Amino acid sequence: AQKVTQAQTEISVVEKEDVTLDCVYETRDTTYYLFWYKQPPSGELVFLIRRNSFDEQNEISGRYSWNFQKSTSSFNFTITASQVVDSAVYFCALRNAGNMLTFGGGTRLMVKP
Amino acid sequence: GAVVSQHPSRVICKSGTSVKIECRSLDFQATTMFWYRQFPKKSLMLMATSNEGSKATYEQGVEKDKFLINHASLTLSTLTVTSAHPEDSSFYICSAGGVGGYTFGSGTRLTVV
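Residue numbers (my numbering), protein chains in the order written: chain A, 1 to 113; chain B, 1 to 113.
Derived by calculation from the structure, the hints in this document are not laboratory data.
Accuracy of the hints is not assured; some may be wrong.
In the EDC-like style, the derived pairs of lysine to aspartate or glutamate whose C-alpha atoms are separated by at most 20 Å in a straight line are [to be verified]:
| hint | chain 1 | residue 1 | chain 2 | residue 2 |
| --- | --- | --- | --- | --- |
| 1 | B | Lys41 | A | Glu44 |
| 2 | B | Lys14 | B | Asp27 |
| 3 | B | Lys66 | B | Asp27 |
| 4 | B | Lys42 | A | Asp22 |
| 5 | B | Lys41 | A | Asp55 |
| 6 | B | Lys14 | B | Glu59 |
| 7 | A | Lys112 | A | Asp86 |
| 8 | B | Lys42 | A | Asp55 |
| 9 | B | Lys20 | A | Glu44 |
| 10 | A | Lys70 | A | Asp22 |
| 11 | B | Lys42 | A | Glu17 |
| 12 | B | Lys64 | A | Glu44 |
| 13 | A | Lys70 | A | Asp55 |
| 14 | A | Lys38 | A | Glu10 |
| 15 | B | Lys66 | A | Asp86 |
| 16 | A | Lys3 | B | Glu22 |
| 17 | B | Lys41 | A | Asp86 |
| 18 | B | Lys20 | B | Glu87 |
Here are some chain B residues pointing at chain A (derived, C-beta under 8 Å) [said to hold, decoys possible]:
| hint | residue |
| --- | --- |
| 19 | Gly16 |
| 20 | Ser18 |
| 21 | Phe34 |
| 22 | Phe39 |
| 23 | Ser43 |
| 24 | Leu44 |
| 25 | Tyr102 |
| 26 | Phe104 |
| 27 | Gly107 |
Just so we're clear, the structure is a prediction, and the values are computed from it rather than from any experiment.
Cβ atoms here follow ideal geometry from the backbone N, Cα and C, with glycine treated the same way.
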């Protein structure tokens, strides 16, 4: 069985602060994929990143960066210089060899002006 | 990029009636689509995996006779909520994809009155 845990249910920051969203996963598979999605109030899921289990390189995309550490089974997401438009629910997800996507509980990020 | 269209985006129906939700892959063929349900402030829970030309695979606890899934073509999967009750009110979202990533529909907010 696989599991994704996002321990932070809600985070509130002031604009321009940096914020890190934690994600810890469990899987018995050696090949798997990790994802982050953003869900704004409108409800649609916006794809942010996909990382396969063999690629531990950290990634930076503008104000977003991801830290993948297999040793601790974590795939944390950092937003630098947060903005009000970053306010949303963020989901970490894991896909195993069976093509099933398992979501974490989500972290609600509130960025205040 | 891949686009998944989901309709309707919002529906209100009376108890006892049935509601059909459509999920279409617009620019790619999807042999497999996934249906999720999301309660307010909760994560996405996989309901079933829809397989083109064969029966859907339902997750434990999901009533297959209540949530009918049809995947008659490579671009269309439908979810029919039969004899809807207020407790079926929820946000339903479909997705298609696989190794390369998943594309989600924009979701359907169902309210049963």
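These are the hints, each one checked on the structure:
1. B/Lys41 to A/Glu44: Satisfied, since the Cα-Cα distance of roughly 14 Å is no more than 20 Å.
2. B/Lys14 to B/Asp27: Violated. B/Lys14 to B/Asp27 sits at ~34 Å, over the 20 Å cutoff.
3. B/Lys66 to B/Asp27: Violated, at roughly 30 Å.
4. B/Lys42 to A/Asp22: Between B/Lys42 and A/Asp22 the Cα gap is close to 17 Å, so the pair holds against 20 Å.
5. B/Lys41 to A/Asp55: violated (32 Å)
6. B/Lys14 to B/Glu59: violated (26 Å)
7. A/Lys112 to A/Asp86: holds (10 Å)
8. B/Lys42 to A/Asp55: With a Cα-Cα distance of about 30 Å, the restraint between B/Lys42 and A/Asp55 is violated, given a limit of 20 Å.
9. B/Lys20 to A/Glu44: holds (19 Å)
10. A/Lys70 to A/Asp22: holds (14 Å)
11. B/Lys42 to A/Glu17: violated (26 Å)
12. B/Lys64 to A/Glu44: violated (25 Å)
13. A/Lys70 to A/Asp55: holds (10 Å)
14. A/Lys38 to A/Glu10: holds (14 Å)
15. B/Lys66 to A/Asp86: With Cα atoms ~37 Å apart, B/Lys66 and A/Asp86 exceed 20 Å; violated.
16. A/Lys3 to B/Glu22: Given pair A/Lys3, B/Glu22 is violated - Cα atoms ~29 Å apart, limit 20 Å.
17. B/Lys41 to A/Asp86: holds (17 Å)
18. B/Lys20 to B/Glu87: holds (17 Å)
19. Gly16: violated (26 Å)
20. Ser18: violated (22 Å)
21. Phe34: This hint holds: B/Phe34 lies near chain A, its Cβ roughly 7 Å from the closest one there, short of 8 Å.
22. Phe39: Violated, about 11 Å.
23. Ser43: Holds: closest Cβ of chain A sits about 5 Å from B/Ser43, inside 8 Å.
24. Leu44: holds (5 Å)
25. Tyr102: holds (6 Å)
26. Phe104: holds (4 Å)
27. Gly107: holds (4 Å)
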